[in-house]
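Chains as they are written, first to last, in the working numbering: chain D, 62 to 326; chain Z, 2 to 533.
Please keep in mind that the hints were generated in silico from the structure rather than gathered at the bench.
Hints are supplied without guarantee of correctness; some may be wrong.
[Claimed, not checked] Straight-line C-alpha distance at most 25 Å; calculated DSS-like pairs for lysine-lysine:
id, chain 1, residue 1, chain 2, residue 2
1, Z, Lys18, D, Lys272
2, D, Lys245, Z, Lys18
3, Z, Lys72, Z, Lys62
4, D, Lys272, Z, Lys505
[Unchecked claim] Some chain D residues well away from chain Z (every beta-carbon gap over 12 Å; in silico):
id, residue
5, Pro88
6, Ser98
7, Gln142
8, Thr153
9, Asn154
10, Gly171
11, Ala175
12, Tyr223
13, Arg234
14, Asn258
15, Gly271
16, Pro279
17, Ile300
18, Val320
For every residue, glycine included, the Cβ atom is placed at its ideal position computed from N, Cα and C.
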Amino acid sequence: MYRKVLPFLVAVLAAAQQPRSDEPGNPVAGDPGAIESGRKTYVGSCAGCHGATGEGGRGPNLRDGRLIRRSSDAQMFRTIQKGIAGTEMPGTNLPDTRIWELVAFVRGLGSPAAFVMHPGDAAKGAEVFAKNGCGACHSIGGQGGTLGPDLSTIGGLRSYEYLREAIVKPGDRVAAGFQKIVAKTKDGRVIEGVVKNYSNYEVQMVDRTGKLYLFRTPELADVKIAVETWMPQDYGKRIGRDEMTDLLAYLSRLSSRPVKLGGGR
Amino acid sequence: MFSFLFTVALSAQVTEKPVTFEDIKRSPNADWLTYAGDYQGTRHSPLARITPANAGNLAPKWTFHMETSRKLETVPIVYGGVMYVTNSNEIHALDARSGRRIWTYRDDQSEVSRVNRGAAILGNRVFFVTGDCYLVALDRRTGALLWQKKYADTKKGYFATVAPFVVKDRVIVGVGGGDTGNRGFIAAMSASTGEELWRLYTIPGRGEPGAETWTDRLIDWGGAATWLSGTYDPDLNLIYWTTGNPWPDFYGGDRKGTNLYACAVIAVDPDTGKMKWYFQFTPHDTHDWDGQGWPVLIDTAVNGKARKALLHANRNGFFYVLDRVTGEYLRATPFVDKLDWAKGIDSKGVPVLVPGKDPTPTGNKACPSVRGASNWMSPSYNPATGLFYVVTLEQCDVYVSSAKEPVPMQNFAGGGGEQIPTEPGKFYLRALDPKTGKRVWDYPMTGPATMWAGTVSTAGGVVFFGDDDNHLVAVDAKTGRHLWHYNMGQPVFASPVTYEVDGKQYVTIASQTDVFTFGLHEAMQSVPVVIH
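Sequences and hints are given; from them, build the entire structure.
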């Protein structure tokens with residue numbers, strides 16, 4: 062079942078970097094153990110400027126930007142080792158192995174969560190998912206609601222940090238097709254749900270019970286579409302730190318193809 | 002006025018009624034529920050709002066651009082005003098009146114990116130296959146993943162492009178990869194769970210009947226792929242599936258024998274997966290004239306006797322009529338002029354070969370071309386005209402063979418076929434009479450002889466087809482007279498469908514990168530803008 066894990070993981074991570082042929086590749090690229098070691102080093106040495114999750118601060122964002130995507134592993138290695146003259150980015154005396162681990166970790170910041178080892182207990186995370194009623198709006202494998210995105214393969218689609226932010230700050234980035242809509246028809250019905258698509262001429266929406274509607278706008282007396290979701294904004298407070306870690310571990314493992322993590326290099 | 006609005010508002014909700022097996026048996030009507038529209042593969046719609054008298058008023062209604070497409074081969078299905086179109090590893094649900102996207106499901110983790118030929122529907126589930134052979138079931142309203150099931154291993158030479166085929170409570174799928182070595186099969190999965198119910202290999206196992214038609218060396222890798230969807234006779238409870246070429250395609254020295262069940266049509270019980278009969282069109286094929294073209298099921302008189310017939314225009318240039326109850330060979334007639342590899346088909350259905358037509362290391366001319374006299378592009382049949390409409394290519398090729406060691410999955414086909422620069426091919430839409438096998442009319446096309454577009458027939462008496470020169474064309478079903486055409490600006494590799502929403506008939510075809518939809522022109526009403 063888990064036959065193609067590591068080669069595939071390496072391929073995914075390698076695809077982003079395209080190293081020059083004369084440069085060394087990362088000897089620990091995609092190695093879950095190395096990535097976890099890199100994470101620990103990062104938290105102690107890098108997070109102060111680049112942010113706890115690579116979101117940036119005094120230093121640049123390491124998660125989403127071109128900075129990482131366009132750098133080869135060897136370039137990242139040199140940057141970490143030598144620093145960047147004329148900036149606040151210092152060099153380091155860390156051994157090569159630990160620098161490579163850092164490179165592997167930073168590379169994973171923008172990768173889909175399923176391909177990177179994360180802490181937490183996925184089984185307990187499933188319980189957290191159930192206990193907090195997430196399934197009322199999100200479906201997994203055909204079970205659940207329709208007001209939020211289907212999460213059946215979400216770990217293979219989104220990065221760990223994307224998932225975390227989607228839970229604690231759901232209003233910051235509303236997934237396409239899940240904006241809140243209230244439509245009032247000319248015969249007086251009010252239909253609430255999520256808007257799949259809309260223009261001046263048509264509205265495609267799913268109501269709170271999962272029914273699909275395809276309106277021509279002349280059929281509607283009024284339409285209100287908000288750049289917000291139905292998702293409560295307070296899950297960051299409602300769910301404790303350990304439970305959040307478990308929940309993220311659970312979501313991270315939801316992938317459309319088998320991914321095996323763990324073990325040494 | 003009020004009642005009009007009330008009616009419209011009610012119709013805005015897409016039906017909650019799940020698609021049943023009985024619904025599929027009645028398709029096509031307003032809906033188009035299978036790859037071919039109907040189980041019999043006639044691609045004939047009862048819709049009649051578009052006729053030879055008004056087809057000249059056809060106009061574009063909408064275009065859906067598939068951002069990721071390089072070559073669309075999808076045939077849409079339509080249910081309750083929602084259209085489902087596929088591309089490699091993705092499927093989109095569209096508002097069939099406007100082309101606006103409702104949802105998209107995309108699997109970027111699929112290992113293989115290939116063309117995709119379309120979706121299937123049953124209950125509230127829509128099915129399609131990923132390039133790496135997962136059958137995927139999605140909620141038709143939301144696109145949420147219900148289940149997915151891996152049914153073939155890419156490491157054994159398989160990939161998937163097939164439009165799944167629903168019969169009763171099961172979904173039947175096939176495989177591609179027969180040009181580089183694998184062992185073809187069809188498999189049935191439970192529509193509700195994805196559990197595999199049966200699997201039928203199209204190359205027999207060692208010791209099974211038919212194994213004697215292979216040399217031992219290639220029996221595990223002989224191809225006979227199954228990437229085109231099937232047809233079904235509910236009364237006989239038999240599905241009909243055509244099979245691909247034997248491998249290596251162009252060199253037969255390592256696979257002496259007739260190479261069953263390659264280049265054939267097989268009749269299979271969908272409950273058990275048992276083969277009831279087979280008929281092989283091209284025994285020991287060395288020209289890649291695989292059998293994957295539509296087995297069209299009609300009841301008609303053949304040689305003066307009423308028959309439950311199976312029509313098939315094969316790549317090898319012969320138009321076959323079989324008895325679909327027994328597989329008995331009834332007749333085969335050439336449907337192209339450029340045909341020189343066989344003098345005819347004998348009374349048992351076996352080709353009478355012309356010596357010296359096999360591929361050679363230095364190249365040997367033979368006709369039809371490697372693309373075939375026809376291919377998987379969909380034909381159609383109109384019971385009112387009694388005509389069978391088939392896209393036909395008049396072309397010869399130079400065939401080259403290579404006796405190199407046949408290593409599976411190394412992109413080795415044992416040679417190939419090349420177009421002769423001074424003898425360009427030419428496509429025709431050709432109307433054949435199944436009662437006699439004779440040609441009734443021809444509609445010649447311009448273009449580079451590179452298209453794969455098929456046809457749809459309508460009770461309005463219009464045949465629509467994609468041509469070799471970027472057009473969707475409408476012709477009179479009786480005479481082949483031109484009625485209308487539209488230049489889509491891109492080559493066409495798919496077949497059109499027709500459906501109806503809110504009393505309006507539409508015709509849709511996928512071009513290289515876009516899905517185009519047409520309908521009769523009507524002046525647009527001004528729309529008050531309500532979204533601010």
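Exercise for review: State the violated hints by number, sorted upward, taking the hints as numbered earlier in the document.
Suggested key: 11, 14, 15, 16 and 18
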